[in-house]
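Line by line, the protein sequences give chains A and B. Using our numbering, read the first sequence as starting at 12 and increasing by one per residue. Using our numbering, read the second sequence as starting at 12 and increasing by one per residue.
Since the hints were made in silico from the structure, they are not lab data. Misleading hints may appear alongside valid ones.
Because identical chains cannot be distinguished in the list, a pair is counted as satisfied if it fits within a single copy or across any two copies.
As the list claims (entries may be wrong) - Here are the simulated lysine to aspartate or glutamate pairs, DMTMM-like style, with alpha carbons at most 20 Å apart:
hint, residue 1, residue 2
1, 343, 364
2, 343, 290
3, 67, 238
4, 293, 64
5, 67, 404
6, 67, 85
7, 94, 359
8, 86, 133
9, 215, 234
10, 202, 239
11, 94, 146
12, 86, 289
13, 67, 136
Number of protein chains: 2
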Amino acid sequence: MSEQTTDKRVREASRRHFLQAGAALAGGSAVAGLGGSGALAESGNNLPPNVPEWMKAPGAPMGSQPYGAPSTYEKGVIKNISKTLPQYISASGRTPLQDLDGIITPNGLFYERHHGGVPTIDPAEHRLMLHGMVDRPLVFTMDDIRRFPSQSRIHFLECSGNPVYTKPYGKTASDLVGLLSCAEWTGVPLKTVLNEAGLQAGAKWIVAEGADAAALTRSIPIEKCLDDAMLVYSQNGERLRPQQGYPLRLLVPGFEGNMNVKWLRRLKVVAEPVYSREETSKYTDPMPDGTAREFTFYMEAKSIITRPSGGQKLTAKGFQEITGIAWSGHGKIKRVEVSVDDGESWQDATLQEPVLTRALTRFRLPWHWDGTPAVIQSRAIDETGYVQPTLAELVAVRGVNSFYHNNAIWPWRIDANGEVSNAQA
Amino acid sequence: MSEQTTDKRVREASRRHFLQAGAALAGGSAVAGLGGSGALAESGNNLPPNVPEWMKAPGAPMGSQPYGAPSTYEKGVIKNISKTLPQYISASGRTPLQDLDGIITPNGLFYERHHGGVPTIDPAEHRLMLHGMVDRPLVFTMDDIRRFPSQSRIHFLECSGNPVYTKPYGKTASDLVGLLSCAEWTGVPLKTVLNEAGLQAGAKWIVAEGADAAALTRSIPIEKCLDDAMLVYSQNGERLRPQQGYPLRLLVPGFEGNMNVKWLRRLKVVAEPVYSREETSKYTDPMPDGTAREFTFYMEAKSIITRPSGGQKLTAKGFQEITGIAWSGHGKIKRVEVSVDDGESWQDATLQEPVLTRALTRFRLPWHWDGTPAVIQSRAIDETGYVQPTLAELVAVRGVNSFYHNNAIWPWRIDANGEVSNAQA
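Please build the complete structure, drawing on both the sequences and the hints.
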């Protein structure tokens, strides 16, 4: 749906709800006797037209935070670390999606998942080795990598186990799909570096190895390496965070998170995949017939409503914007449909422009909540025409033994008191 | 220039330089005897094929940083705070542009400028009053503001005094134009809120007031308020940082930074500008004939090469990517031209897509540095056709009494030893 159409729909919603419903919506409180005067009087509280405490004395001086931090009032907006899962050196921390706006995840809240703790790597000592079926095996310093022609692209990253198929299901958007973030990445197209070494005939896969204690290793098809894969050193302008692979990671946009190998130290060009631990005992999908899907690279189209979402509460009837995020490993999001009547009917949401390939896409739908219980949900359709399935549809095909690639629709229940909870929990 | 054209040019540069020049470029060091073997042997150092120290023991566990921070190896990448200017409560901190990639500025490094210190505002107590020439004066809580239909947009912000016209000029890109950053902002279109209050006939300006100790006040033309102005509560996904106006700021994309009033508490709709301190004694431009330009809202088209740039050093002859940023308050960047011969000739740089209106645009040009002294510079052309001027052209018209709106081209000198410095300093 175009932004023009939305403007029209918002105007209509405004005529119908903002004004006729009076103070029910966001319209704020009418101020008696202030039209055109604007005089600011003192009367003992912080509300306009009075002068709040924080205007009466100078604020904090410069220099106390040469690298800034959020307001102390936002101290609850942190990575969501499970209190029940073991959280030692094989750990995950989720992005608090329900507290965020837009599509960029700030670096401090980017999700993390690691298998041997987060290494502390001196970039001056870090090396990337490129060898195997190449004409010239090479070793690169970080300075070497940074001298290649660069690119910047906004892409999402998602863990393939996001969320699990079986109860207990999470209560919040972050509990369910918080192993998901999106950033502007800068680095070198991998194909540029491969061309420098010269691929030999028969080269079909590249084995990527991380410099962490788990030596995480994955096999990547050569087609992806020659397409949009990147060697990345920066996220959202600054250098990678340690949890995201400082000083160098592989980025394979749209592929499951663990294939975007962090702390990248080695690329070996080979003819066959290596069948590493992370592509045999882990990151394969047991099916109901006893077989297992392997090399399930692509993260399929998916979406989630982040506001209103589980754990939040609507405080008043009337206008309520429904907003969330959609993404697909196969390319651009084409459409997001939202239902506010437990799946009976669906409306097109507005997509925030620009819609970028393999990036989060923010969607929005103006809604009037009449104060009665409701179930709301979103489903994403990507540019291939693929439609995000229901959990029942997904389980019917995949069973519940798999841990990965659950891209089901996730509905939220809104109670009459405004409380929002997981409708499938 | 299209990305396809660049790919071609990079391939040509590669054929001519990466390979024929051997190790001169980024090609890294050839590894003898490793072709196809890939065996990792130990021999007492951290370089491949050896196992570095940080792979031999588990890394840092989860949970020590619920809100993340950069690597300790990046501790020098901080806001650039002048040691010579008074830095008390009327202060500025600059973004380290020469250390950043892409177009997004991470929130921890976003530039700041304030006139009465940074207030600590409780969002539950903050109010925005909208009054003056409106049908219904209104007071909004932050919850009210967040219930309106939202938008997210990527826009730059720049202080109008960036840089000064007279020596001493800064040594680095940050010294010169570091009062510049770019983020994805989320908030409410101001026109939506104005429509809620109902503008009266004759409403021509809106006076915006901040809730800081300076009560910073600016008059904004009503046309801008009804165009792309926003009430913003989030930057790069999370809530505004205190230094950027937490919990609410005005965003007037493309207008000088101080008009994007932070800690926004009051909007008064009026027929005439108020001629506040910040639009009379400050933020006006004294001209050579004794008059002063006032209400110089728009930040004109501008660009700067960030790599190589002042304070950096080229470590080897051969391939060198030239990259930088360009921006215009009037809309999209149409073209960036780069000269590597002290302005004798100019080449089109590649613009990173998507090119967004009133946002930073990253540009790049592949270059072969032959090891002799050179002067490099960039000039931006925006979609209106406006061309970024030289400092001499600008001073010829404006003189040197003005402090604001210096959007001159800024060349860098590269010495034979690779050291980069300000060519006009």
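Okay, the hints, checked on the actual structure:
1. 343 with 364: This pair counts as both: shortest intra-copy Cα distance 12 Å, inter-copy 15 Å.
2. 343 with 290: Classified as neither; 27 Å inside a copy, 45 Å across copies.
3. 67 with 238: neither (58 Å within a copy, 34 Å between copies)
4. 293 with 64: Answer is neither: 56 Å inside a copy and 26 Å across each miss the 20 Å cutoff.
5. 67 with 404: neither (60 Å within a copy, 45 Å between copies)
6. 67 with 85: Result: close neither inside a copy nor across copies, 23 Å intra and 38 Å inter.
7. 94 with 359: neither (37 Å within a copy, 54 Å between copies)
8. 86 with 133: between (30 Å within a copy, 13 Å between copies)
9. 215 with 234: Classified as within: same-chain Cα gap 8 Å, cross-chain 58 Å, threshold 20 Å.
10. 202 with 239: Classified as within: same-chain Cα gap 8 Å, cross-chain 40 Å, threshold 20 Å.
11. 94 with 146: neither (50 Å within a copy, 52 Å between copies)
12. 86 with 289: neither (35 Å within a copy, 34 Å between copies)
13. 67 with 136: Only across copies: residue 67 and residue 136 sit 15 Å apart there, 52 Å inside one copy, limit 20 Å.
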